[in-house]
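Undergrad: Starting from the structure of chain A, add chain B where the hints point.
Heads up: the protein sequence lines correspond to chains A and B, in order.
For the record, in the first sequence the residue sitting at position 206 is 205 according to numbering that gives the first Met the number 0, with numbers rising by one throughout.
For the record, in the second sequence the residue sitting at position 145 is 144 according to numbering that gives the first Met the number 0, with numbers rising by one throughout.
These aren't lab readings, by the way, just hints derived from the structure by calculation.
It is possible that part of the hints are untrue.
[What the hints assert, rightly or not] Simulated DEER-style distance windows between Cβ atoms:
hint, chain 1, residue 1, chain 2, residue 2, range
1, A, R344, B, L302, 31 to 41 Å
2, B, R305, A, M0, 46 to 56 Å
3, B, Q164, A, R344, 31 to 41 Å
4, B, L127, A, A290, 52 to 62 Å
5, A, W345, B, R66, 17 to 27 Å
Every residue gets a Cβ at the ideal spot worked out from N, C-alpha and C, and that includes glycine.
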Amino acid sequence: MINWKALGQLIYVRMREYSREPEVLFWAFIFPLLLSSGLGIAFRDRAPDKAYAAVIRSDGAPAVVAALRASGFVQAELLDETEARRALRRGKVSLILRLTGGAGGYEYQFDPLRPDGKLARTMVDQVLQQAAGRTDKVPTRDAIFSEPGARYIDFLIPGLIGMNLMSGGMWGVGFTIAEMKVKKLLKRLIATPMRPTDFLLSIMASRLIFMFIEVGTLLIFGALAFGMKIRAPLLEVLAIGGLGALTFGSMGLLVAARAERIESVMGRMNVIMMPMFVFSGVFFSAERFPAATQPLIKALPLTALNDSLRAAINEGTPWAGLAVPLLILAGWGIISFAVAVKRFRWV
Amino acid sequence: MTIAIRCQDLRKRYDNKVDAVSGIDLEVGVSQCFGLLGPNGAGKTTTVEILEGLLEPTSGEVEVLGRRWREPGAHLRERLGITLQETRFSEKLTVRETLRLFKSFYRKSQDLTQVLDSVSLIDKATTLVAKLSGGQKQRLAVACALVGSPEILFLDEPTTGLDPQSRRQVWDIVRRFQTQGGTVLLTTHYMDEAERLCDQVAIVDHGKVIARGSPRALIHSLGGDHVVEFSVAANAAGELDQARMLAIPSAIQCRREGELHQLTVREAHVAIPALLELLRRDHYELSSLTTRHASLEDVFVNLTGRHLRDD
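Isolated chain A, as found in the complex (with noise of 0.2 Å):
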């Protein structure tokens, strides 16, 4: 039977001591939102660059510019020779265009080693070549493929909620159970008539509480930023970051189930956390990752996590099509949380 009484205030309090704690709020909620903008807008993804072409002032140059800028391929503009070689020289340029005679020929000048160069060459020349009249032999055709999801953003944001339920995850837990522990707060609390159950269902909650606005603010932040679609059902994300936020608050309650000093719960934390960080594909794709070492990789819980609300978010999976890494996620869990409740030690 729950106390209901002392359940809401053992959740009221630890929010009370959150909202206090302008560097918690920091780091949990304000640096993911900096990170994912910062490295979302260095890794945007660009339309290719326009060929930059000079051409040399004369009788019909003006002309070719305006056929070349119609293009919408080429960035052409009129210069005289001397002031071309030097655009050529500073890569203002990638090209210098003269034309030759009275025939209406060209002359292109560039260098063959740079791959702006070649690929101006190209441009232009087809561009004018086009212009005069040819015709291709051979019909062809472009699709444009552009995958949904596919952007680095898309990417990014999932695996920062993963990696941001797993460091809240234990060091909420973790690090709060080590500190009230060795503040003898814990001991104070059951001497008490306080259930230890209620109380430890209250640190999921909050953990619980806490992933809604984890979660929320970067779904959110990366729809309105970066124009991000959530592909499944927000109920499915959402459930996706619950199991994950009390899988890596159980591995908190069982780092700090036997502590005695905050310093060694903390290092403890870090050998845990740090291969995760590496390894779990947060920044880059797990996949990188040398095939022989992919099982033991996809077996760690934040792999799993990411894993799926990747797969959700961006491609829409729905639930039975990730079966494997739930398991995975929801067993680590599961485990480390009946361990922590037998190992753990109140005083």
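TA: Structure of chain B alone, referenced to chain A:
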């Protein structure tokens, strides 16, 4: 006398090495204030924590309010208020929030404002714990123990490290609880605290009770209520003879600590003239002389040859 707390042959051994408690028997009557007095490391905290049900004894019987800790349905926690030797409450909560949390655990509890008023923290209700002084924190700890309307109040070193005024405030709260019919069990290494608050004390040393009784009776057991302390100038010829000192009328006991001689006497007005006469005759030059009432400290020194506190 109805018994509130009883323990028999209580023993606690940590990790098969040290005996923290080696055979303690106690009986505390309802609405008594009982003190466990002893130096640091005597086993006082281990004893109360066993009585509070926070530690398992290695052997021995404990009964609190007629119930045993493992007895199902005893609901003992509902009926006890506890302050530990050291609890640091969450610094990010206010006084009222902390107290409200503790109140929520009890089925029967007191009004928050009333409790805050009784420990003189009503003005600090909305203050963060981080901003409280040591004395205020200790009063908050006592408030958290009182909020569940306990029948027994356990206080482990309630005034250690507090200034004299804060100590007196805590004493007032304890005395008020006791006059309302509450039972108190406290540990302390301050003899004045035990003398002022406790009806009964047990002096504990090395995990054993070495003396018990009311503070007055224990002091009385020294045989004399006064202690004459004096020292003589260093140029004196030879040592003062202990046997001749004890021959002074009404002298009970003679002790020496460094330069200071301590003579426990029944009647100061008889002993002091005789002492002065003896010193004059033997050509000792007196460099200091004071008298004071005998205290529990003297009882402890008399029993162990050591002081309660090292400082």
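Undergrad: Check the structure against each numbered hint from earlier and tell me which ones fail, lowest number first.
TA: none
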